[in-house]
Amino acid sequence: MKQELVLYNSLNRKKETFKPIEEGYIGMYVCGPTVYSDVHLGNVRTFVSFDIIYRYLKYLGYTVRYVRNITDVGHLLDDGTDRISKGARAEKLEPMEVVQKYTLGFHDMMRIFNSEPPSIEPRASGHILEQIEMVQQILDNGLAYEKNGSVYFDVEKFAKEQDVYGKLSGRVIEDLFSETRELKNQGEKKHPADFAIWMKAAPDHLMRWNSPWSEGFPGWHLECSVMSTKYLGTTFDIHGGGNDLKFPHHENEVAQNFGACKCQPANFWLHTNMLLMNGRKMSKSDGNTISPEELFTGESPHVSQGYSPMVVRFFMLQTHYRSTMDLSDEALKASEKGYKRLMEARKTLQGFQAVQSASAGTVDEEISKLLDQALEHMSDDFNTPMALARMFEVVPKINGIRDGHIKAEELSAETLDRTKKVFDDFIFDIFGLQEEMASGKDGTTDGLMQLVIELRNHARSQKDWGTADKIRDTLKELEIQLKDAKGGDTTWVKA
RNA sequence: GGUCGGGUGGCCGAGCGGUUAGGCAGAGGUCUGCAAAACCUUGUACGGCGGUUCGAAUCCGCUCCCGACCUCCA
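Mapped onto the working numbering, the consecutive letters of the first sequence carry residue numbers 12 to 506.
Source of the hints: derived by calculation from the structure; they are not laboratory data.
Among the hints, a few may not be true.
Claimed, not checked - In silico lysine to any residue, SDA-like type, Cα no more than 20 Å apart, as pairs: (1) K344 / Q316; (2) K431 / R401; (3) K418 / A365; (4) K505 / E488; (5) K432 / A369; (6) K241 / Q147; (7) K344 / L399; (8) K358 / E310; (9) K505 / A345; (10) K344 / A365; (11) K201 / N159; (12) K497 / I417.
Could you build the full structure based on these sequences and the hints that come with them?
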């Protein structure tokens, strides 16, 4: 019944047929943001990608438990200060105020991009007890050691016991171990590749909890191991995250799970690729960056105008989640046109009435085939660019029927219904796009526009081109475009 | 330096042994009072050099660029 789904699994770098652990159910964990500053567009790309994956899995009929955490503790900066408390000192806020502020900001942005909230959004700070328990388990299993109140994962021992470490990120163990460069805070570690799972807090460290080893805080990677286990079980179906988290974060996560339960946490690992701008990595340090707000308003040297969230989302759909995505003004402009064209076609399609005497002709067959292909592409590792391409091939057919080039009788009632349904399923449910009326297209506006259009059409029928064109030109200045279809129907759209 | 992933037409971006990807831009046409919109037609591109093959953008080798990761990162 369910279509076969093929996923590219980072664990072995191959596409594999997806089989859930429990038929009909999927457990998916995605590493969420660290809430210490405003959301970065790169974060948006990752979470929009997983939003589409989540939506498609549900579309296939699975019951999905989607867990995406909020990291609000334990994430270290280069200088060893905690990210959250660093932000707090700078802004003279309680750490949890910083967390709250940026968590809300993150949620707002996800909503603006029409991303569905996850089923569970656990916070690291809310799972300190569980994290302490996991540290203990790893210690009990002999894969960690305590030193001066901090606990470190024994990577060397783990690597010797099981051929797991390095597999996910493609690291060569020998290389990792022969790493000679000097790293900070290495004094307590037995081996440079070891990493902290519990850190003793320095006297001025704000966020701290009691533990059997010291008053301190959990290591960065631990929270994900703990929360995925708590809400999805020791082994679950899909684990996702940004490409840049593969190492060390995901690698260490796998190590911790093995350390605690001796099992692989996830069967499938999905990694999204990075966002570039003008061909280069988006980076704050060299000014090659743009915030979501700047993108919306157009207040940035990198864009010539503002782009709406849905245009940006559409733009993201045109690139596969595993490819780097190159943001540029020209590419966004192209997306804006494409997005509008698709949405217009969708509206046109929904207005079609089945022709009574209709019987399946060639158009019927062609459209059906394109819809099937679009779905197949989604089941092939969520190939949204391909699926979109097939949708766009249906667009001229829709417009052709509207304009009379293509005979409506050749489209059977069944196929018309299915096309309407699949189009909406794709656009709204899978791609997560939504209609965007730039500014108040409500009942009043609609009524006014209807009146204006009637007045203009009256003028046209009187060959009063002056009046007709004045209406058209003035509306254009107000960024309202009139579209005169064949047969006299005029529609309008806010540019 | 190590590991991995890329270099595709004006731009973005799929494809990964033989077929038109698709979007945007451009050109010609239809329609139209004019225009816009829409529709039709149009582009033979795959970094370079070799090789394998009946056939390569797709496989192999070399080479030149670019990006990511290598304990901050979505």
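Taking the hints in turn, this is what the structure says about them:
Of the supplied pair hints, the one linking K344 and Q316 holds, its CA atoms being roughly 9 Å apart against a limit of 20 Å. As the CA atoms of K431 and R401 are separated by approximately 15 Å, the hinted pair is consistent with the 20 Å bound. Between K418 and A365, the direct Cα distance comes to roughly 12 Å. Compliance with the 20 Å bound is thereby established for this hinted pair. Between K505 and E488 the alpha-carbon distance is near 11 Å, which keeps this suggested pair within the 20 Å criterion.
Using a Cα cut-off of 20 Å, the hinted pair K432 and A369 holds, with the two alpha carbons roughly 18 Å apart. Simply put, K241 and Q147 have alpha-carbon atoms about 16 Å apart, close enough for the 20 Å limit, and the pair holds. Using a Cα cut-off of 20 Å, the hinted pair K344 and L399 holds, with the two alpha carbons roughly 17 Å apart. With a CA separation close to 32 Å, the supplied pair K358 and E310 exceeds the 20 Å bound.
Note on K505 and A345: the hinted pairing holds, with a Cα-Cα distance of about 17 Å set against a maximum of 20 Å. Only pairs whose Cα atoms come within 20 Å are accepted, and K344 paired with A365 is rejected, the gap being roughly 35 Å. Annotation: proposed proximity of K201 to N159 holds, straight-line Cα distance about 13 Å (limit 20 Å). Only pairs whose Cα atoms come within 20 Å are accepted, and K497 paired with I417 is accepted, the gap being roughly 14 Å.
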